[in-house]
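Student: Chains G and X, in that order, are what the protein sequence lines are.
Residue numbers 1 to 111, in the working numbering, belong to the letters of the first sequence in order.
Residue numbers 1 to 115, in the working numbering, belong to the letters of the second sequence in order.
Honestly, I wouldn't trust all of these hints.
Only some residues are given here: those of chain X computed to face chain G with a beta carbon under 7 Å [to be verified]: (1) GLY28; (2) TYR31; (3) MET39; (4) MET40; (5) LEU46; (6) PHE91; (7) GLY98; (8) ASN102; (9) PHE106; (10) GLY107; (11) GLY109.
Calculated directly from the structure, the hints in this document are not laboratory data.
No experiment lies behind these values; they were computed from the predicted model shown.
All C-beta atoms in this analysis are idealised placements derived from N, C-alpha and C, irrespective of residue type, glycine included.
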Amino acid sequence: EDQVTQSPEALRLQEGESSSLNCSYTVSGLRGLFWYRQDPGKGPEFLFTLYSAGEEKEKERLKATLTKKESFLHITAPKPEDSATYLCAVQEETSGSRLTFGEGTQLTVNP
Amino acid sequence: DAGVIQSPRHEVTEMGQEVTLRCKPISGHDYLFWYRQTMMRGLELLIYFNNNVPIDDSGMPEDRFSAKMPNASFSTLKIQPSEPRDSAVYFCASSFSGRRTNIQYFGAGTRLSVL
Chain G
1 EDQVTQSPEA
11 LRLQEGESSS
21 LNCSYTVSGL
31 RGLFWYRQDP
41 GKGPEFLFTL
51 YSAGEEKEKE
61 RLKATLTKKE
71 SFLHITAPKP
81 EDSATYLCAV
91 QEETSGSRLT
101 FGEGTQLTVN
111 P
Chain X
1 DAGVIQSPRH
11 EVTEMGQEVT
21 LRCKPISGHD
31 YLFWYRQTMM
41 RGLELLIYFN
51 NNVPIDDSGM
61 PEDRFSAKMP
71 NASFSTLKIQ
81 PSEPRDSAVY
91 FCASSFSGRR
101 TNIQYFGAGT
111 RLSVL
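Chain G with its partners taken away, still in its complex shape (with noise of 0.2 Å):
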């Protein structure tokens, strides 16, 4: 069964602090891994796909990163309008088109 976990639950930076969310993932076959950003109230809105270890996408102070085992978003001199919630998704290559979940990351910077 596929299983997907993000740490830290919940994170609280100032602005202009780096950091880092990690999304680890077991799976048979990986066909993509998903960054989503969720704000309250509101649907994911997709961020990211990245489909094999190695592999980096950027966009603004966002940057995603892949291993064979886990997958990192980096968070580069974060604004107060990053905060969000995070969600990391896997796409198995059995699984057809089904997308699993992880917990989420709770991202709040502060002014």
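Position chain X against the provided structure of chain G, taking the given hints into account.
Tutor: Just chain X now, with coordinates in the frame of chain G:
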């Protein structure tokens, strides 16, 4: 594109009543997903469709839940009878299969409260 549209945004009902949640996927997408999100269990897949056909309903909690997709632009999730433990936020998502992986785009959700 307006994105995935869900209605209603909020639903308050009494135990035992029937509840119907609605979803309009993004035009051209051939996959549609229904999820439930709670504090205790996070985001769980209930069922998904491909070209209007249910593919995997293993996440549907019990017979009280049913989902239909009569055409490519509309789907419903019905709970009959509803129970307080069904209170959650229900999300609909859609995706297009013509890519390496199906990126799922989510609607704003329906917050259901069963009293």
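Student: Now tell me, hint by hint, if it's right for this structure.
Tutor: Evaluation of the provided hints:
1. GLY28: Violated, about 16 Å.
2. TYR31: 6 Å, holds
3. MET39: 10 Å, violated
4. MET40: Violated - the Cβ of X/MET40 stays beyond 7 Å from chain G, reaching only about 10 Å at its closest.
5. LEU46: Since the shortest Cβ distance to chain G is 11 Å, the answer is violated.
6. PHE91: This hint holds: X/PHE91 lies near chain G, its Cβ roughly 5 Å from the closest one there, short of 7 Å.
7. GLY98: 13 Å, violated
8. ASN102: At about 5 Å, which falls below the 7 Å cut-off, the nearest Cβ of chain G leaves the hint on X/ASN102 intact, so it holds.
9. PHE106: Constraint on X/PHE106 satisfied, holds at 3 Å.
10. GLY107: Check passed: Cβ of X/GLY107 comes within 5 Å of chain G, closer than 7 Å.
11. GLY109: Holds - the Cβ of X/GLY109 comes within 7 Å of chain G, reaching about 5 Å at its closest.
Hints 1, 3, 4, 5 and 7 from the list above are not met by this structure, while the remaining hints are.
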